[in-house]
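**Q** For the sequence shown, numbering that gives the first Met the number 0 gives the first residue as 0, with consecutive numbering after it.
Worth flagging that the hints you see were computed from the coordinates, not collected in a lab.
Hints may be right or wrong, so weigh each one.
The calculated SDA-like cross-link candidates involving lysine to any residue, where the alpha carbons are at most 20 Å apart (straight line), are [stated by the list, open to error]:
(1) Lys-19 to Gln-38
(2) Lys-103 to Ile-48
(3) Lys-30 to Phe-105
(4) Lys-30 to Glu-42
(5) Lys-19 to Ile-48
(6) Lys-103 to Lys-14
(7) Lys-86 to Ile-102
(8) Lys-14 to Pro-43
Since the model is a prediction, treat every value here as computed from it, not as a measurement.
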Amino acid sequence: MSSADLKKKNGLREKYNEVKFAHPSERECAKILDFYQIQWQYEPTTFPIEWDKKGNVIQSFAPDFFLPEQNLFIELTTMSQRLVTKKNRKIRRLRELYPHVNIKIFYQRDFKNLLIKYGIRSKNNSQ
């Protein structure tokens, strides 16, 4: 079991600059944004996307990052295809309900290429 798996199993989150991230890829993304002096906020907004018959929120979505200067939300998806499909559904619903919200999704291959491009991970070490 990897250390990330162990942390996840034990409920620990990846920490960087006093922010606790749910996944190591989110921490790496924050480091890249900091390197380029791009202001970011981690999961600052949760959007309700489904309600029950009484109007209670039963499903919501919190994008990973918000870049205030770009007015852009970013969602990283570096997980299994089954979970990617579920996340894509949530993002489609968010776009239907909140068309004014600007959101970009980065898939696993996009994020790996970004890490390789900035020398954080080599092609041979792109797990």
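**Q** Look at each hint and say if it fits the structure.
**A** Do the hints match the structure? See the list:
no., hint, result
1, Lys-19 to Gln-38, "holds, 17 Å"
2, Lys-103 to Ile-48, "holds, 17 Å"
3, Lys-30 to Phe-105, "holds, 16 Å"
4, Lys-30 to Glu-42, "holds, 16 Å"
5, Lys-19 to Ile-48, "violated, 25 Å"
6, Lys-103 to Lys-14, "violated, 23 Å"
7, Lys-86 to Ile-102, "holds, 13 Å"
8, Lys-14 to Pro-43, "holds, 16 Å"
In this structure, the earlier hints numbered 5 and 6 are contradicted, and the remaining ones agree with it.
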